[in-house]
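Undergrad: Work out the full structure, taking the sequences as your base and the hints as a guide.
For reference, the chains in residue letters:
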Amino acid sequence: MKFGLLVSEGPYTHQASDTAYQFAVAAIAKGHEVQRVFFYHDGVNNATRLTEPPQDDRHVVNRWSALAAEHKVDLVVCVAAALRRGIKEEVLAPGFRISGLGQLVDSGIKADRLLTFGD
Amino acid sequence: MKKFMFVNRKAPYGTIYALESLEVVLITATFDQDVSLVFMDDGVYELVKGQQTKGIGIKNFSPSYRALEGYDIEKLYVDQASLERRGLTPADLLVSVEVLDKQALGELMQQQDVVLSF
Numbered sequence: 001m002k003f004g005l006l007v008s009e010g011p012y013t014h015q016a017s018d019t020a021y022q023f024a025v026a027a028i029a030k031g032h033e034v035q036r037v038f039f040y041h042d043g044v045n046n047a048t049r050l051t052e053p054p055q056d057d058r059h060v061v062n063r064w065s066a067l068a069a070e071h072k073v074d075l076v077v078c079v080a081a082a083l084r085r086g087i088k089e090e091v092l093a094p095g096f097r098i099s100g101l102g103q104l105v106d107s108g109i110k111a112d113r114l115l116t117f118g119d
Numbered sequence: 001m002k003k004f005m006f007v008n009r010k011a012p013y014g015t016i017y018a019l020e021s022l023e024v025v026l027i028t029a030t031f032d033q034d035v036s037l038v039f040m041d042d043g044v045y046e047l048v049k050g051q052q053t054k055g056i057g058i059k060n061f062s063p064s065y066r067a068l069e070g071y072d073i074e075k076l077y078v079d080q081a082s083l084e085r086r087g088l089t090p091a092d093l094l095v096s097v098e099v100l101d102k103q104a105l106g107e108l109m110q111q112q113d114v115v116l117s118f
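Chains A and B, in that order, give the protein sequences.
Using the numbering used here, the first residue of the first sequence is number 1, and each one after it goes up by one.
Using the numbering used here, the first residue of the second sequence is number 1, and each one after it goes up by one.
Hints in this document: simulated from the structure, not taken from any laboratory.
Treat the hints with care, as some may be off.
Interface residues of chain B toward chain A, partial, derived using beta-carbon atoms under 10 Å [as the list claims (entries may be wrong)]:
1) Lys10
2) Tyr17
3) Glu20
4) Glu23
5) Val24
6) Leu26
7) Arg86
8) Gln103
9) Gln111
10) Val115
11) Leu116
12) Ser117
13) Phe118
Note that beta-carbon positions come from the ideal geometry of N, C-alpha and C, so glycine has one too.
TA: Right, dumping it as C-alpha cells:
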C-alpha cells in the first residue's frame, strides 16, 4: 500500500513525530511505500538541523534524515507554515525540502491512505 | 477526482489550526477535487458572525469563509449538537450551512477518500 503521512506537531513537545516515524519504519519493513511525509503547523519544526537534544535522547530530526537517505522518503515542509516559524532553506536538515501545500493535496490524491499524526 | 473532507474542530483563535486549515482548503480547491467542510465542537465558532479580534491583536480571518463560494466550495456542514450546545443557530453564522446530526455526518465521512481534521 502507498501511504502519505501528515505530521502536525513539533518534535519533543508532542509524540506525533515519533509515532509517524515509527509508523513509517514499520510500514516500509512490511513492504509498503511511504510516498511522502508532509510537515505542517508546528510540525515544520521537525526539519531544522539546529536541533540538539541531550545525548541520551533520540534525535527526532536526524532520524527523519536517515530514513529519507535510506528509503528515499520525500520529506516536505510547508513553506507558509515554515516561514511563519523561522524555518528556511538555510536551516533545513538533510533530506527535507520546502514546498507548498499542494504537496499535501498531491499526497491525498496519489496515496492509498493519508494518515495524520497530531491532535 | 477524490473526495476531501476538512473537519474543523477548534476555536478560530487560541491556536493556529483553524487558520492553517483554511489555507489547505483554499489550495485543495485549486486541484479540482470534491471538497467539503465540517464544523464541529468549538470549530463552529469559526463561522460566527461579528468576530472582533482587535483586543487580542490577531487578524480576523473569518471573512475568508465568505470567499469559499468563489472557489466552488459550497458543501459546508455543521454538527447540530455542537451548534446547539453553544447556544447558536444557523442565523448566527456568516455563511449558509447545512446542519446535520451525528449520524448523517458519520455517513458523509464514510464516503470520503481523505478526511483531514484540524
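Undergrad: Now, for every hint given, state plainly whether the structure supports it.
TA: Hint-by-hint comparison with the structure:
Hint on Lys10/B holds. Least Cβ distance to chain A is approximately 9 Å, under the 10 Å limit. Interface hint at Tyr17/B: satisfied, since its Cβ lies 7 Å from the closest Cβ of chain A, which is below the 10 Å cut-off. At about 6 Å, the closest approach between the beta carbon of Glu20/B and any beta carbon in chain A falls short of 10 Å, and the interface hint on this residue holds. Annotation: Glu23/B was flagged as interfacial toward chain A, and the flag holds, the nearest CB pair being 6 Å apart, inside 10 Å.
Annotation: Val24/B was flagged as interfacial toward chain A, and the flag holds, the nearest CB pair being 6 Å apart, inside 10 Å. At a threshold of 10 Å, the smallest CB-CB gap from Leu26/B to chain A is about 9 Å, leaving the interface hint in force. Given the 10 Å rule on beta carbons, the hint for Arg86/B is violated: about 20 Å separates it from the nearest Cβ of chain A. Interface restraint check: Gln103/B against chain A, minimum CB-CB distance 23 Å, threshold 10 Å, status violated.
Given the 10 Å rule on beta carbons, the hint for Gln111/B is violated: about 15 Å separates it from the nearest Cβ of chain A. Below 10 Å, beta-carbon pairs count as interface contacts, and Val115/B has one with chain A at about 9 Å; its hint therefore holds. Contact between Leu116/B and chain A, as hinted, is supported at the beta carbon level, the nearest pair being about 6 Å apart and thus within 10 Å. Because the smallest distance between the Cβ of Ser117/B and any Cβ of chain A comes to about 7 Å, under 10 Å, the interface hint for this residue holds.
For Phe118/B, the suggested interface contact is upheld, since its CB lies about 8 Å from the closest CB of chain A, less than 10 Å.
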